[in-house]
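> Based on the sequences and whatever the hints tell you, model everything.
If you're matching them up, the sequences are chains V and S in order. Under our numbering, the first residue of the first sequence is numbered 1, with each subsequent residue one higher. Under our numbering, the first residue of the second sequence is numbered 1, with each subsequent residue one higher.
In case anyone wonders, no lab produced these hints; they're calculated from the structure. Keep in mind that this is a model prediction, so the values were computed, not measured. Note that the Cβ used here is the ideal one computed from N, Cα and C, for glycine as well. Among the clues, some could well be false.
[What the hints assert, rightly or not] Pairwise CB distance ranges, derived in the manner of DEER restraints: (1) V:TYR68 with S:PRO213: 22 to 32 angstroms; (2) V:PHE26 with S:GLY334: 46 to 56 angstroms; (3) S:ILE52 with V:PRO23: 46 to 56 angstroms; (4) V:SER15 with S:ALA496: 53 to 63 angstroms; (5) V:TYR68 with S:PRO533: 21 to 31 angstroms; (6) V:ALA8 with S:LYS504: 50 to 60 angstroms; (7) S:VAL503 with V:PRO23: 48 to 58 angstroms.
Chain by chain, the residues run as shown.
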Amino acid sequence: MEIILSAAIGILSASGIWLVLRPRSFQVIVGLCLLSYAVNLFIFAMGRLTPGAPPIMPKGGFVDPTLYADPLPQALVLTAIVISFATTALFLVVMIASRGLTGTDHVDGKERSQ
Amino acid sequence: MIGEHLIIAPILIPFVTGALMLLYDDRRRAAKFWLSIVSAAAQLLIAVQLVIRAKTGGDVSDWEGISFYLLGDWAAPYGIVLVLDRLAAMMLVLTGLLAIPSLVYAHAGWNRQGPHYYSLFQFLLMGLNGAFLTGDLFNLFVFFEILLAASYGLLLHGSGQLRVRAGMHYIAINLAASLLFLIGVSLIYGVTGTLNMAHLANLIAAMPGENRPLLHAAVAVLAVAFLVKAGSWPLSFWLPTAYMAAAAPVGAMFAIMTKVGIYAIVRLSMLLFGDTGGASAGFGAGILIILGMATVLFGLLGVLSSQGLGRMAAHSVLISSGTVLGITGFALAGGGPGMLAGALYYLVASTLATSALFLLIEPMSREDGGIAAMLALTADAYGLDGADLDEVPDAGLAIPATMTVLGICFALCVLMLAGLPPLPGFIGKIAMVQALMAQTALPAGLAWSFIALLILSGFATLIGMARIGIQTFWSGDLVLPRVLALEIAPVIALLAVLAMTTVKAEAMLRYTAGTAQALHDTAAYAFGVFATPRAADRAPDDQGDDP
Chain V
1 MEIILSAAIG ILSASGIWLV LRPRSFQVIV GLCLLSYAVN LFIFAMGRLT PGAPPIMPKG
61 GFVDPTLYAD PLPQALVLTA IVISFATTAL FLVVMIASRG LTGTDHVDGK ERSQ
Chain S
1 MIGEHLIIAP ILIPFVTGAL MLLYDDRRRA AKFWLSIVSA AAQLLIAVQL VIRAKTGGDV
61 SDWEGISFYL LGDWAAPYGI VLVLDRLAAM MLVLTGLLAI PSLVYAHAGW NRQGPHYYSL
121 FQFLLMGLNG AFLTGDLFNL FVFFEILLAA SYGLLLHGSG QLRVRAGMHY IAINLAASLL
181 FLIGVSLIYG VTGTLNMAHL ANLIAAMPGE NRPLLHAAVA VLAVAFLVKA GSWPLSFWLP
241 TAYMAAAAPV GAMFAIMTKV GIYAIVRLSM LLFGDTGGAS AGFGAGILII LGMATVLFGL
301 LGVLSSQGLG RMAAHSVLIS SGTVLGITGF ALAGGGPGML AGALYYLVAS TLATSALFLL
361 IEPMSREDGG IAAMLALTAD AYGLDGADLD EVPDAGLAIP ATMTVLGICF ALCVLMLAGL
421 PPLPGFIGKI AMVQALMAQT ALPAGLAWSF IALLILSGFA TLIGMARIGI QTFWSGDLVL
481 PRVLALEIAP VIALLAVLAM TTVKAEAMLR YTAGTAQALH DTAAYAFGVF ATPRAADRAP
541 DDQGDDP
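Spelled out as structure tokens, the structure:
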């Protein structure tokens, strides 16, 4: 389980970083998306891996916290997903505007040969 | 009881104002302008009130002048807290001082170049105020995102190819930095199990040795995110282009955006790795010093090599950033609170001066025709040339003796940034140099090279700016630009505030000295939040106390 999750995070961030460093704006945005998936998984993993345990405890009385998953990282992930989704959408708009204004999808607004 | 809730007002006021203005059509510009001004003035008044409170103390939830506000009445560390101390209050006042001139300046014409200018501006203020007030790491992330999202919109305000390209780089860099921020925050949570800054400061002294490397890695990742915002050297290549491309009033407001990164670094490093940090004390000090020096050097070379005033102003932002970063490193390494006091004073003064300079650039280079052409183009693109509902007379008052007024304002800005007497740049630098010479914790060579760099950077600013000033004001074939009174008044107001910081230098230095002392002595911050009673527990007592 640990191996699978860490490999997933590693592969996602490696591909993300490679794509972010590419010259085409579409590659950059896909790279940022992959990076944000990797980070979301990472936040999730920081609550420790507890398969099959609910994050919500029953009300009242003594509860054994080892039987439950940590709810806080799940809440953090939710916030992070919403924020990165919104900012990525905004980035997409800027990218389309740049494509329209410059006529190229290079991140610098001009091809290298020009 | 109202006084207690005053802490959250700097976040709520711009939020409500900004949301309210979204309901109205963009053509009701005068109404929106006055609403924004009232909101910004209210924020400034409240910020001043909060400074007085932080200075004197005397509230229910009060620890040596630090007030805590439990959001949703959850006991710390389970809920989010807002913390008001001297540093936060000072930054709030600075934000308010920059906001009003920038708004007035935008009213002269820039607000017409794109939609929702005033709402975005209010959301930027909300993010800034929130970032200064919050005592929770994840909440800090959320406020950073709010201010960044607003700043993306403001940077693109006015559109045009240059801005969209700069904006795209700016957004990409900041998205990547936000992801690093998240990694750092979640790693800290994974190691310590808390996101409350005060709680972290408590835990760090007694943390088991095997967890420390992981915590250090987490804080280092977090610091990279802050350093990107602060414009520290290897991470600052986006900054000059973005700041130069921004519309003048936006650039003036962006002068404080780098300071948010600096604020976060000062706050967290002093809280976690100060004297109470146990085995972690002083972590990162050397790196901060080196990065600070490199940033000053980069800014210095940038100022000397820039051809345009915009790029030069952006590089002087870097110099001011780097100076405070380096001093934070020295303070962290045990240099004593004296130098941090000078650095905070310098931070306030240099932010005001760069802001004034950004407002001056556009009127000074107006006769070039470049900006006027761009304005006409974007106005067409947005169809904003149409009738105004409010009938703002386009002209307003043009000022007489344009070049003289502009020239004097420019000269004052240069004197301030170069750190020549009698302006506050000089006083701040003197305070820093004095403390650097007195310190014994670090090798004298390091302190001396920093002093040399500090003085050289002032010299370079003077040379670079004087060159541009001569080209602009003394070249013969000059077409007089038409500058509106609305555009020059904010600059004069900012310079008047700078003059006030000179006159009141002693009182201000006393305040920043208290701030630096409080930053070194973290006990009140770290334990106060846990002693803050919940309102639900406190309510019966309060009623009993009423006469």
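> Each hint: holds or not?
We went through each hint and held it up to the structure:
Taking 22 to 32 angstroms as the suggested C-beta distance range, the pair TYR68 (chain V) and PRO213 (chain S) conforms, at roughly 29 angstroms. In this structure the supplied range 46 to 56 angstroms holds for PHE26 (chain V) paired with GLY334 (chain S), their Cβ-Cβ distance being about 50 angstroms. The hinted window of 46 to 56 angstroms between ILE52 (chain S) and PRO23 (chain V) holds, with their beta carbons roughly 54 angstroms apart. For SER15 (chain V) and ALA496 (chain S), the hinted distance range of 53 to 63 angstroms is satisfied, since their beta carbons lie about 54 angstroms from each other.
Look at TYR68 (chain V) against PRO533 (chain S): about 29 angstroms separates their beta carbons, and that is inside 21 to 31 angstroms. Separated by about 58 angstroms at the C-beta atoms, ALA8 (chain V) and LYS504 (chain S) satisfy the suggested range of 50 to 60 angstroms. Judged by the Cβ atoms, the range 48 to 58 angstroms given for VAL503 (chain S) and PRO23 (chain V) holds: they are separated by roughly 53 angstroms.
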